[in-house]
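Assemble the dimeric complex from its two separately framed chains, guided by the hints.
Chains as they are written, first to last, in our numbering: chain A, 619 to 1012; chain B, 75 to 617.
Treat the hints with caution; some may be incorrect.
What the hints assert, rightly or not - Below, in silico cross-link-like pairs of lysine-lysine (DSS-like), each with a Cα-Cα straight-line distance of 27 Å or less:
| # | chain 1 | residue 1 | chain 2 | residue 2 |
| --- | --- | --- | --- | --- |
| 1 | B | Lys585 | B | Lys371 |
| 2 | B | Lys416 | A | Lys752 |
| 3 | B | Lys197 | B | Lys170 |
| 4 | B | Lys416 | A | Lys636 |
No lab work stands behind these hints, which were simulated from the structure alone.
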Amino acid sequence: MEIKLINLTKVFVDKTKKETRAVDNFNVTIPSGKLVGLLGPSGCGKSTTLFMIAGLHDPTDGRIFFGEDDVTRLSPDKRGIGLVFQNYALYPHMTVRQNIMFPIENLQVPKEEALVETQAIANLVGIGNLLDRKPAQLSGGQQQRVAIARALVKKPRVLLLDEPLSNLDARLRLQMREEIKRIQRETGITTIFVTHDQEEAMSISDEIIIMNFGIEMQKGVPQDIYNYPDNLFVAKFLGNPPINTFEGEIKNNFLYFQEQKLFPKQAPDGIYHVGIRPEDFRVSETSEGVEIDTDTMEVIGRDTMIRFNVGEKQVRALVESETVVDKKEVLLTVRDEKIHLFDYESEIALRKLQDLTPEEIEKAREEKRIEKQKFEEAQAIRVEKPKKSKRERR
Amino acid sequence: MKTLFAKIKLGFAKVSWVLRRLINRFKTAFKSGLSKVWALATNKDKRLAKQRIKLDYLKDYLAFEDYNLDVRFDVDVQQLRQELKEKVKTSKQTQKQRDATINSLKGTPGYETYIQSYEAAIKRLKDINQARLVLATQYEKDLRELEANTDKRINKISYKTSSFDQKILEVHEAHRQEKEALRIAYNEASYQILVDHPKEDYQTDVMDALYHVELNKAYKSLPIERRKLERRDKFVTSTKSILQATLYLAPVMILLALFSFYPIVNSFRLSIYEGYSEIDGSIAGYTLFGNFINVLKDANFIVPSSHTGSSALINTTLIVALSVPLTIIIGLAIAVGLNSIKPLKGVLQTIFFLPYVTNSLALGLVFSYIFRNDGGLFNQFLKIFNIDGGAWVGVGASYWKAMFVLIIFSVWNGLAFKIMVFLSAIQGIDEQYYQAASIDATPRFKQFRRITVPLISPTILYIVITSVIGGFKTYTSVIALFGQSGAPRGATYNLKTIVFYIYDFFEVTGKLSEAAAASIILFALILMMTLVQMQVSKKRVHY
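Isolated chain B (complex conformation) (with noise of 0.2 Å):
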């Protein structure tokens, strides 16, 4: 036996491997592929490289010495740029009128003097950049290779205490320290290179614009391999991350769309048709609120009809407004109540989550057993105290009575979910809270009322907001306990909730679109609600 699933196991393990293989070998073929793609549609290697230049350039310009004020840059850099454009305009407009005046200045005397001038002042901005490139290279240089000499682990820093962190810490530093030397090594250099070119008397905003000239120039003589690197860490991780996220993401976004996105959107068509047919999909016309004036003035939607004697709105509204207080008060209530029991707790566990793995429809079946008139569970227990319980879900029974069995049912049914919920959530509670509040001499129930609830607040919501809206869908519950008629037998009233009044519409008339409309009402109604407990909620849950 043993070796039988030692073979199967190894079985499985080939297949999965040889399966990884040819995804792996599937996946760096396509990435290949894509960043080859990615990096001649984009030049961003070369946008970063020129607008690292334009900012070398805009603190000189500025005449600042330190680099250290790249913060300042951060401000306002946006502005800086605007002003330096206009000013590059500006410069380039009286080049062209120093072009000019060169020209027609030709042959008159002092023409020699004026000209030399004017190169002598272009030759030192070339031999400025020239040298502040060299430069750059060199620090680009020294700064990958002091990079590559740092260890790997020491930029990662745990903020956990450990015995190494001090030396991590340390080490960091120093590396940090090592950079900040050089780096202002090389801001001293650049400054006297500067220094060392004496400023022609020549007109500034010439020299500016031809400075601005020479970027380009000077941003394409950086070192080939520094530009690559930046590109290349850049794509890798944005492509690697954007493909992995489809792929995961594909199975469940197609089920999506098919079960869900066209659902709604079709139902928002559907709401506009007039005399659709389901047939041949033929309609007669379009409207934009008939459908919906049709389900609001129709007789068992909102207004009690004087022959149904309810309607689907106060029905679905009566189960949400009693059903869900009711069950999350007795769901936190047992929750608790089962987080402090020690012994047997697993199987408590057990029984209260047993509701959840059983078929609605069979506890109806046995609600409706327990309920009947004469032998029912519920009237024989009433016959202990003299009480005649009449009919429940029978024939004759009264609305508030069945309704009363059906808010029982509804509390039943959602209860072993809810329990679950919360007893995670409870479980989650730092036993120190307790041990606090138990030193400080602080009662039970007080210690539930404001430890308790606030600390798992943010899950009392999320059940208070699903089930309201399980609580405005409820359908399962009024066919498991009426059936398709959806009220007891010969009753002048009925119980459907708005979910079975829109099922009516198609099943019983045909009319689509007025399903289609009711079914946008109730979306409405619910959204409403989510949005003002939402609303309610802000202040009272701490998350």
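Chain A extracted, bound-state conformation (with noise of 0.2 Å):
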């Protein structure tokens, strides 16, 4: 089934009347039989996405299709959409049986079939000995495969999952984005899986689309994401130890920092927001690169951390422990693709700038413009009344 958004708007209007645009003209195409994950920092509007193909909230404005069908309009039971929700929202009075059931009972199926079925759905996700339990008896797991066997059980043909891993410990985690990759593979329903955590998003979607502002960012295979960031936020959204930024200019086919000679980089002259990535420093086995001044240097197993100053800003670089053998002199060299170059203004990446026309350019920097001019009017606002706590009211 593949699910397309167009124009999806949704708009929250407070009591105050102060309007909120929490998805904004969002434009997106869901390939039939993926898993696909929303990814953003919190209050992104990627939930608020995810509500509004389940039909909990009516957009605003633009339309959902299932494959051919219009759904905008249409209740969420009529959808045909499972929903696995953040705390997973099991009936705690109800056994996991008749929990599971639950959606079944409502589509006048036999009983003894829909107990079939729900034997089946809860071998296919690993609880089939715990039917007889009540969630308040389950760990955190096992509710969480009790609630996506009740999203799968009436054979849906959207599955939505709402950050379903974040009540989990770390290694639960790891252990239940397997399943979750695992049970969509065996099933084959087209998924949606809204996170913030950019590691679970990566390892477990065949494909990653990134949000910020309500407005879609970038969309893409995980890798090709990271490698190639369209723009400065996705930049610095993905990866951990994050990437490296600075204000950087290209001249002569080289990249200065603060009148610092740095890395040979082949782009037009001017000035860039320049990323790099810390494991895409090297070290240098040749008498070629730039010598740095070392901060601190951490040797953690196979990799080694060093900071080290590039003007007033610190860069971090990962390089693998053996590459490191004098520890005074270490001369460091990046990979001239592996320097990613951004639009001073518009903060798009180089790469994708060059297939947009002058009069794209110009209005994207002037969203960006605004953009900016709005954050700094709301800091100033928050300068000038700063809110009283509790105590000095009293």
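Encoded structure:
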């Protein structure tokens, strides 16, 4: 089932008539049978998008298509979706069996058949032996499996998962990631999965959609997005340790930072936002490369984390421990294509900028300017009116 | 105006500050006094230290090298101790025999070597004890240092996910491992001490016994600050909480004692008196069941007599059986309705809560006007459908008509509170349950039956139990509707309830003992009903 969102917009109006655009003209096509991750920082509108697909929120504008059907105005029960809530929302007074059976009870399925189906789906998610327990008697991971089973049992066209792993501990999270991937592969249901954890999204999804301020930032295969970020936000958002960014200059195919000559880079001259991932640094074996004054050097097993200063900017480099021979003098190089350049004003990647017309570039720059201005205004308001704490009011 | 308020506030603040300081002073003085007394009275530190050494000894005795075996000790430590006691007992006896033999052997050949091996064994044990004591002291010290060095915050691990959790867990784990390593090191050293002192060929029983005797000495030489610390920790928490609890409980306990516990005890006392006189408190004698039998035989209590036409028990049972289910069904329906209405929610809630703040006597007056024979609102309403209502609460009203009004009144009187309680319970249900249900195409009534009702079932049980109790105690509604006679004017029956009946006993006839007996019967009735309800609800209520 291919899902198509066209100009999807959601505006929340609060009591003081202030508008918040949670999702803004969102256009995306989710391919059939794939596991797609909606990734973004908290408050970026990813859960709102999910709830609109589920039908629990009515979109302010735009349309939602499931295949050929327009489901924009359809109530949730008629859309044929399964939703797994962030805190699972299992009915605490029912046993696991009753919980899983609840959706198909409404479909007038004969009881024996429903029982068989429940058992089958429970076996699929690996809780076949826990059917007579109450949710409170299960661990977090097991509860999550029950929630998935409940969503799957009525054979939905689309499975939606709202931050399903955020309530689990680190080890269980790793395990459940693989489980979800396996279940999705076995059932072949189009699955949309919301998360703020980039590692989770990268490891599990066939495709990632990165969102911010209710707008799609980039969409694609995880590794592509990581290697070729479309804009500065995506570059900064993905990666741990985070990417090093600074404002640099290209002169004569060389990258400069505050008049300091760094690495060669083939690009038109100008000022750019520069991003270099820590792991893209290499220790030079020849005499080429930039000599750095190491601030600290931590050896973390296979890798070594080097912190060094370029001008006033601290930069992190993650290199293989074996390559660091002399700890005093380290020469670092970066491959040309691993240096990411972003347009200074619009923060769009240089690679992407070449495909755009001058008008579009100007528009993007204007939008960015307005955004920055708004941000500064908001900051100014906050400075003017400091919120009184409870203690002060007393 | 503002400055005035500020001044008043400041004044109050000062007063509260002075009061708080006084209370704190009193608290500390009282606490420190008590703590000294407590320390003298209990030898807890001694006991604890002794126990620890005993446990250590047990481990050695059973030749356990690793201290990780704590769990196994927990399982049958009692039995082990018992065995040990017996062993020590027998070994003491053998030691006595040994002493006797030593004395008798004096002067005989071979005595020298014998006494030598004996003394060597004793010396070995003493050495072991001494060395291990030093080790134990060092261990305590190291542990204390280690504990002092770890950050206190790290000891608390929150299970909510946060970015710091991993870090905290790591530090915690590292600390634990350090501790573990330290412990293992000390255990190994302790074992080494045992190995280093070669065993003399001597009877093990006596050695065990000697070992045991040494324990008291050993514990006495433990570092003093450690003992103190252990005592202080435990003491402060316990007395502080007891003191505070008593202080906070005192007002309500005093009031309860005056107005609840004393009357309860007193009514039991009264129920066994015969011919009790209220004026001088004199009694004619005692009877165990006499008063109860009098009450049960009374014409108006259980069996309706020919001239009354109804009995207190029948009246009360009717009120309970009809008004309780009615109020709960209506209350639940209104609460669910109120919850689903978005506009005017506050106004509607206020309207439905109004009867709760209204005096029930005033309500009764209004009701008796509504149900008047001529010109009453209810009869006029019936007139629209060409029905002649006739008398409801006035002269000539039939028993069932009067009862109908009484039940309507009880339902209305108790409805407001129930709606409020149900509403707050319903609002406490997580919205996501309904969202999940609506995705699964669950009809509204099924949502109510399968989700709402089970999730608020504890509240429903609470309301059922309290309203059954309330129903059995009905009194004011009868008074409010029918006045002191408890019946419509000129009626050949009455609508008196059990409480009404009890009141009649000591107000009208002055038979206090019978009144007490009747109230105990009522108590038994309510208790029985409540127990039955609890039993029935066990399977239907989901906590």
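Status of each hint after checking the structure:
The straight-line distance between the Cα atoms of B:Lys585 and B:Lys371 is roughly 15 Å, inside the 27 Å bound, and the hint therefore holds. Restraint check for B:Lys416 and A:Lys752: not satisfied, since their Cα atoms lie roughly 34 Å apart, outside the 27 Å limit. Among the hinted pairs, B:Lys197 with B:Lys170 is consistent with the structure: their alpha-carbon atoms are about 19 Å apart, no more than 27 Å. Under the criterion of a C-alpha separation no larger than 27 Å, the hint pairing B:Lys416 with A:Lys636 is consistent with the structure, at around 21 Å.
The structure fails hint 2 only (numbered hints given earlier).
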